[in-house]
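A.B. asks: Let the hints inform the model, and build the full structure from the sequences given.
Sequence order for the protein chains is A and P.
End of the first sequence = 300 in my numbering, gap-free, step of one.
End of the second sequence = 277 in my numbering, gap-free, step of one.
Read the hints as simulated data drawn from the structure, not as lab findings.
Hints are supplied without guarantee of correctness; some may be wrong.
Stated by the list, open to error - Computed footprint of chain P on chain A; a stretch qualifies when at least three of its residues, placed anywhere within it, have a C-beta under 8 angstroms from a C-beta of chain P: (1) 47 to 53; (2) 74 to 88; (3) 96 to 109; (4) 164 to 170.
Keep in mind it's a predicted model, so treat the numbers as computed, not measured.
C-beta atoms are modelled at their ideal positions from N, C-alpha and C, and glycine is treated no differently.
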Amino acid sequence: MIQVDNITKRYGEQPAVNRLSFQVADGEILGLIGPNGAGKTTTIRILCGVVKPDAGKVRVAGYDPGEQGDEVRSGIGVLTETAALYPNFSGIENLRFFAELYGVDDPGRPDELIEEFGLGEHKNRKAGTYSTGMKKRLGLAKALLHKPSILLLDEPTSGLDPAGIAMVLEEIERLNTERGVTVVLCSHVLHQLETVCRRYVIIDRGQVLAQGTVRELAKSHPGPCVVEVDTDYDLDGDVYCGVPATRLSTGHTRFILSSRDEVPRLIRELSQNASVYSVVLKGEDLQSVYFRLTEGTQDE
Amino acid sequence: MNRRAVIAITRKDIRSITANIQVWLPMVMIPIFFSVLLPIIVVFAARASKGDIVSDMQIILDMLEKLPESSLKRIMGSLRTDQQRIVYIMFNYLMSPFFLIIPVMIASTVSIDSFVGEKERGTLEGLLLAPVNMLSIFAAKVLAAFLPAIGVSLVSFVLFAICANVSAWPLFGRVFFPHINWAPLVLLVMPAVSLFAILINVFISTRVSTFQAGYQLGGILVLPLVAVMIGQFTGFMLLDTGILFAVGVILMIIDYALLRIIVKRLDRAWLFESQVR
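C.D. replies: Here you go:
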């Protein structure tokens, strides 16, 4: 379990993290999201015990990262934005080196991971010649060397191609379901997070703006509910049954409702007059909620 | 101390040196010049010059007459010709600073790179995020500079001894190098002076933002101190072996005190916050 209690960290006068509090339960996948400079990376570094908070308490798997850093680092796998690999060493040499640092006793573990992450063919090439995506995959393999119970992943899919993204997200899901690994995931690509994260902490300027599941966040921060319907109804005008509507293309109409509770009534009425092939709720996804929450704060 | 991690980091750092010809070639070429070419040139010059070199070095010969009683003075008295005395004193006394300069030179280049090099290559973050305590990381960085410095210096010393004895064989007809006073120099003083330079340079490496800045700062802070040590010890070479051993032990004690002070000031969070972007 990870417990962050009222932590503050300043760099000079500027607070990078300001009275931040959240928890991550064992076996949970948490999305830590926010704009650039929100304090996500500082938070990850505090959890790893390489940055000390000026105030507040942190516990990771029962240890205080500031005082028992090596105990914390033994149990967590970290993927940083740069992956921090040795450019003049080959992929497999990098993994073997870090396996020694993390006290991995299985000599086959580096080879096993490099194959698993699709780098087997390139394992003897210098890591400095790897593409961004390959470096990211090698970084992930490095984070998993010692079979950690907690994974802290900072932008794990940045630089990856669609197949790489799918592979990484599947791997995170698999580790979580099969081994109960707790994951904290920082990313800007919100729709990717939605496929794996159960809960989110949205931070900005070092403070928590909101936390909860997408449903909880949407409920506590309601906005217009946008519904896109694939139907053969021929919209005439810009209102349908008192609901503002826009024809996007032939057979494709957008309705703007004041809340999701109005969706069933709208669809019932529409199906009486025409065929309805699909309904997509747009205003209640993570991205919409996130933009509602951070609206204005980024411009200030 | 995490021994496994110490070995891994040391091995990794030494491999970084040996994998780059631009780094290791100067480290090997300069010692080869000192240990192979220089003795041959010196003996050749001494034998070819006949009386000229003797008159040029008369001041040194006169000074040796005034030396306090020591094994070196007794040996000098037993030599038959001035040529023998000059070659003997050149090899056994005047060239001793080379074997302090060689390890300090290698040690300084490697040790300055220890932390700031990791920072410049973007790998310091990965190292500090590993479950390895700072003492182990520091020890590995010190070892990675110490082992090549001492290794190259010892090989140089053996080559120097072979070249000196072979080239001067027609003059002495026996093995004349090294004098017993080289034992404390090689076994105690050389490692102690190297370690001194390494400790300060590694500490500097945790504080500077670039390798170049570290090299400059290391040059300003370490070289004058090491120059004083080398100068003082060269004088001690004329004294008895026991005194030389005592000097070596004192230098080791200074290193130990320095090590304790530096280890107390090692702080992972400070290093991370100041050196990682």
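A.B. asks: Does each hint fit the structure? Answer for all of them.
C.D. replies: Okay, the hints, checked on the actual structure:
| no. | hint | verdict |
| --- | --- | --- |
| 1 | 47 to 53 | holds (count 5) |
| 2 | 74 to 88 | holds (count 10) |
| 3 | 96 to 109 | holds (count 6) |
| 4 | 164 to 170 | violated (count 0) |
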